[in-house]
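**Q** Go ahead and model the full structure; you've got the sequences and the hints to work with.
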Amino acid sequence: MRVSGDWWKETGKAEAPRARWLGIFRRQVRLNERAPRRLTVPLVKAATPQHLLMSENDFRTTPNTTPNWLTIVLPLAPAVNLIAGPVTSSNVESGSVYLIGVLLNEEPTALLAQQRHSGACQQSSGEMQSPTEAELPLSKRLAYLLQPPTDLLLSGVGPLEWPGTLFEYQLDGIKALLTRDSLLLADDMGLGKTIQAIGALRILILQRRVESVLLIVRAGLISQWRKELRLWAPELRVSTVRGPTNERAWQWTTPAHVCLVSYETFRSDFTDNPHSPPRRRVWDVVVLDEAQAIKNRGAEVSRKCKQLRRRRAWALTGTPLENSAEDLASILEFVAPLKDGETPLRLTPGSELREKHKLMQLRRKKINVLPQLPPKIVSQIALPLDGAQRESYDRAEKEGVIQLEEKGETVRVENVLELIMRLKQICNFCPATGQSAKLNDICERLSTLEAAGYRALIFSQFTDEKHGARAIASRLQSFQPLLYTGVLSPSQKDATIREFKENPSRKVLVLSLRAGGQGLNLQEASYVFHFDRWWNPAVERQAEDRSHRLGQTVPVNIYKYTCEGTIEERIDKILQEKQLLFDEIVDDVSIDLKSKLTEEELFGLFGLTPPERARSSQQRGAPSVDYAAMGGVEFEGYVKGLMERRGWRVETTPVTRDGGIDLIARREDDVGLEMTLYIQCKNHSSPVGVDVVRELNGALPRQHPGARGVVVCPSGFTTDAIAFAKDRGLALWDRHQLFELSRE
Amino acid sequence: MPIPYRDADDLNELGEAGYLKIEPSSVGSGYLGALFLINARGEPVEFTYNRIETPHTFLWRQDDIRRHAERKLTASLLAICPRTPRILLCLAEEVGSDLFCQDVQLSIPVCRIAPAMKATAFSGQETQEVTEASEPMNLFWFPGSPKDDSIERRLLRELTSRGLLVEPFERASVGLREVYRTKDGPAT
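First to last, the sequence lines map onto chains W and L. For the first sequence, the numbering used here begins at 114 and goes up steadily by one. For the second sequence, the numbering used here begins at 385 and goes up steadily by one.
Treat the hints with caution; some may be incorrect.
[Said to hold, decoys possible] From chain W, some residues computed to sit far from chain L (all C-beta separations above 10 Å):
#1 G513
#2 C556
#3 K614
#4 R627
#5 G750
#6 I835
#7 A836
[Claimed, not checked] Short derived list, chain L residues pointing at chain W, Cβ under 7 Å:
#8 G426
#9 V429
#10 C465
#11 Q489
#12 R546
Think of the hints as simulated: they come from the structure by calculation, not from any bench. Glycine included, every Cβ here is placed at the ideal spot set by N, Cα and C.
**A** As structure tokens, this is what we get:
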């Protein structure tokens, strides 16, 4: 008996095989006695590491000196452990491979297992090729091949438990994400892009092909993502990056499979310093949720997302094209891996973009993949304005048109838009009496719906208490509505949504279109009211799809209000005409029509024609400014004016206790998130030094991830100041930036 | 260093299952062998492999040669595998009861698996039980089946519920073909 390890041993019970011909004489020949001499087994053809395999006595080579000896030769290959030393496949006869961690940090092109094993991958010309034997050592090939097959992992009875049944198109989506390092997942809203992304991440992480994932989402959706991650990938470790700077620094370095961060926090933490947390590592996967957040190529967050070093890049959005092909180009520029030393891809609209789009996008429409989803019934409701509301409206429009005419050649498109906005507010509520034709209609409908047990969402583009969501909520008190707007803190937003979902007695949720129009799952409601109309049908559709999505069990009724004989009706007519045109062009992905209306159309809404001046204004440059003639306060006022013309709301801090901050400018960005600039104005005759920049940095609030510091000085900045600002993500504006700001 | 999963403690407690795969070589005479270790979630942990050649001769009974080859092949795999599984699983159609009842002794439970619908020979030293997986299976345990509350039993339950009772044998076979395809020609 030979002990070969702690947990096994080879016994001496088994005898070596006996020669068949000796069986004839079995009764005469006592084979057992002769066998040891005549049958010697086994021989090892190649040298075997004795300390690993077998004892010398058992496996010594028998001298083949006696011609009549019968020898059975069982060549046993030498054994080696592949972990102990690098061995290529060509010289390995046997061995042992430790498989955990073998695949980490591999390039995604090294995909072998699923293609050979399950053959289930959906492939297209944009996907990876199988590596050849020469490209991958045996240990890695084995590590791929021995992973559980994707089909098994995705099945309900496989190694992974899934909390719900995945639809066929979702399985296809997950497989596409698994097999492609670049994908724009552009499914219709409500088809479960979140679940598909989490499913793919879970499998990639389980198969040890991925370890570091950066997931960038809208701030308001962080809680929802955390919940979905906990539900669909419970074993993964998630680090949510938020809160004060020192806590975020720790959160970035916490060992976790997934780093979950909002766009604002990411923008704040990604500085020019290559050691800033998001830049410090190469991410295995970067996922952008609601990727239309980077549709503006020039936006800071867009540039920073594209600078992330990443092996895989996935963008999730139901509306990859909102305004123009430039939006799509900007998103696709992100959807490509970026290695060390490479510069981000640059795409221009044209054939190249179309080609990339075709390769990189996976888009499924509800009508094709979810025939079982209940229908969405859209009704346009045209209401007449009565009494005081009609009078208020007519008076406001008449006065507004007169004012536009009085401006003569100085009238601008913005003046028209301001008037439109004012009139739309009056269509919501009469400023004098609070009367509202829309609200009266909604009240009647809600009474019926409430009695039948249905629940409703009401969207408005306004949030204020006179014309918007707050006004609606306060006037619907009898229905105990919940209110969801951008001013709520993340925890308040969570609480509001939770209350609506978990408390069936809450029948009505009033939401601002920007804060509540994206990302939320509100299948509990089956009636959606658009209290007022937004310029962009895609934004409206996103809002409707909070209810009309996976999990909805009853038909969803959409009501869109317009008031007869008002600006709403005129705009709606133009929108419908344009929408038909764009539907044909862009596959149901609608376009921001405001940017597509000509000046003639906008002025034409009021029977006016645009002035000649307006047509040539684009070519005009900025007037020259004599900064030397300005005092400090005057310069502050000048900068404030520039910012306000650009749509910022600017507040001047008290002179005596400004703490280094002269102006605070706020504005909502493209995705409705508030950006805040803390501006210090220095009208010095010489470049500003590092002390001033340092002072501003010290004065910045630390718990406001969307905040950014700016120092303005027409004379420029010293090298030290520039370096200091770069490392901390501060912006420095000299006379060139001021010139750009002042251009019309 | 891999980041541990949130349920890493549970996984670690259950340990690993070893799948012994022995199949005839596609070229020449001989056998390929693999000891494939996975954790309770089916993640591959260790893959040990070897092959043995047998002579082309009428002088020995093929069953004898096979048994002896299996014994030596198994011993070599167990010797080189640096990890100890909680249980060892093998297919009854590939591994006879002699291997673990007589030739090689293990300190862990060994389970030979066979479809319940198929007649399978087993030793009187083995304990038979039937498991209700998606397809009913006969399990032949040696030296005896694990107790109900034992870690080995929990591991087996996990594997069964996750569809991993026999599936890893297919993976092990794929692995063997990958290792030896250049030696034995293209995998079939």
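**Q** Each hint: holds or not?
**A** So, going through the hints one by one against the coordinates:
no., hint, result
1, G513, "60 Å, holds"
2, C556, "49 Å, holds"
3, K614, "25 Å, holds"
4, R627, "35 Å, holds"
5, G750, "54 Å, holds"
6, I835, "38 Å, holds"
7, A836, "35 Å, holds"
8, G426, "4 Å, holds"
9, V429, "6 Å, holds"
10, C465, "6 Å, holds"
11, Q489, "5 Å, holds"
12, R546, "4 Å, holds"
Hint compliance for this structure: no hint is broken.
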